[in-house]
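If you're matching them up, the sequences are chains A and B in order. Going by UniProt numbering, 117 is the number at position 117 of the first sequence; the sequence numbering is gapless. Going by UniProt numbering, 187 is the number at position 187 of the second sequence; the sequence numbering is gapless.
A few of these clues could be false.
To be verified - Below, a list of computed lysine to any residue pairs in the SDA-like style, where the Cα atoms sit at most 20 angstroms apart:
hint, chain 1, residue 1, chain 2, residue 2
1, A, Lys52, B, Glu135
2, A, Lys104, A, Phe14
3, B, Lys99, A, Ser115
Stated by the list, open to error - Rough simulated footprint, nothing fancy, chain A against chain B, three-plus residues with beta-carbon under 8 angstroms:
hint, segment
4, 76–90
5, 95–103
Claimed, not checked - Simulated DEER-style distance windows between Cβ atoms:
hint, chain 1, residue 1, chain 2, residue 2, range
6, B, Trp114, A, Lys132, 28 to 38 angstroms
7, B, Lys122, A, Leu49, 49 to 59 angstroms
8, B, Glu30, A, Gly86, 24 to 34 angstroms
9, B, Asn60, A, Glu135, 38 to 48 angstroms
10, A, Asp33, B, Ala205, 52 to 62 angstroms
11, B, Arg199, A, Lys122, 26 to 36 angstroms
What the hints contain is simulated information worked out from the structure, not anything from laboratory work. Computed from a predicted structure; not experimentally measured. The beta carbon of each residue, even a glycine, is placed where N, CA and C say it ideally should be.
There are 2 protein chains.
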Amino acid sequence: MAEVKLYGSWSSPFSYRIEVALKLKGVEYEFIDEDVHNKKSPLLLKYNLVHKKVPVLVHNDKPICESLVILEYIDETWEGPSIWPGDPYERATARLWAKFFDEKCVHAMWKVCWSKGEEQEKLKKECTELLKILESTLSGKKFFRTGETIGMVDVTGNFVAYWFGILQELAGLQVFTKEKFPNENLPPEDKLAAHFQARFRAVAASK
Amino acid sequence: MAEVKLYGSWSSPFSYRIEVALKLKGVEYEFIDEDVHNKKSPLLLKYNLVHKKVPVLVHNDKPICESLVILEYIDETWEGPSIWPGDPYERATARLWAKFFDEKCVHAMWKVCWSKGEEQEKLKKECTELLKILESTLSGKKFFRTGETIGMVDVTGNFVAYWFGILQELAGLQVFTKEKFPNENLPPEDKLAAHFQARFRAVAASK
């Protein structure tokens, strides 16, 4: 039987999206919860030499890194329901949005929570612009969720709705106020809030 | 008959990789050479609202943006030779390298050519580390080119070998000195050098 291990972190949206995809396919896997802030395991560092980050999926001893690459691999390797749309053009659109979340939104929305003063004001404007792009594109459309099945864009976009919602509250920001994404099966909000609160305190104490 | 248009730029490695993929598949297309430094066409801006960048592939009036997403779309849409490996694990590895080039190498190698003093020294070190990763991974392996056919990693990695080779020479850098990638059918070196020389001069004059 194929052996599947996921080196992840319960508090990471990138790790979470892999769990959603594996569960949708019905793939059994072992979850190794890495202590990403204190001490990463030697195996994780061996498997992800370049980025040294979770998630890493190990399938029959072969490691695959980077969450969007892992999502493609899962879909191509196991039978079962797909989080990717069937049509090539819709799949291209889903890949574009996933890239938009990861390369634009996550970066700006993460940084705005950990910055101060003028830099934070600049980042707030940037985040507002990004949210406007999302809103104008989605307005009046059912795009993010086709029919009754969870889709790629829902899975990758969860950072914006759920993680950023918790983070901005802790950071005392009001960049966006309404959740626009489905968020079933997510890590418990209070546990996630406590986790990031501790990290905010640690960063504040070290300044 | 399907209508295929590529909004690109002859001097862009991102646009060039799309042409390679279309030619390999034998897809006929119209190339619209955008003046990316002076005036982008209204159609390009309409098609790529978010990034406003080339390349954009328009297939039957539907636009697809971002070169790596376009490469996936071409492979899924047209029959014929593929630049992607057939095996899912090898395909995942190719996707990882493509991401590594685009998110790590291109950014650092582009910036090192346009920076000065201390910042440039820091970026030189970063580029050297990136090249070491490439070298140690490829050492003694035929990975980048499986058999006799051009592969995804050759196509996306060409920036490192060809574009960066020209750029670093113009910028008076010696970050790497040996070409490690195949470079057939690339834009003429002298034309590309003259193009970037003009841009270096323009930037220097505006400082």
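Checked hints:
no.	hint	in the structure
1	Lys52/A with Glu135/B	holds (18 angstroms)
2	Lys104/A with Phe14/A	holds (15 angstroms)
3	Lys99/B with Ser115/A	violated (27 angstroms)
4	76–90	holds (count 4)
5	95–103	holds (count 5)
6	Trp114/B with Lys132/A: 28 to 38 angstroms	holds (30 angstroms)
7	Lys122/B with Leu49/A: 49 to 59 angstroms	violated (22 angstroms)
8	Glu30/B with Gly86/A: 24 to 34 angstroms	holds (28 angstroms)
9	Asn60/B with Glu135/A: 38 to 48 angstroms	violated (28 angstroms)
10	Asp33/A with Ala205/B: 52 to 62 angstroms	holds (55 angstroms)
11	Arg199/B with Lys122/A: 26 to 36 angstroms	holds (27 angstroms)
In this structure, the earlier hints numbered 3, 7, 9 are contradicted, and the remaining ones agree with it.
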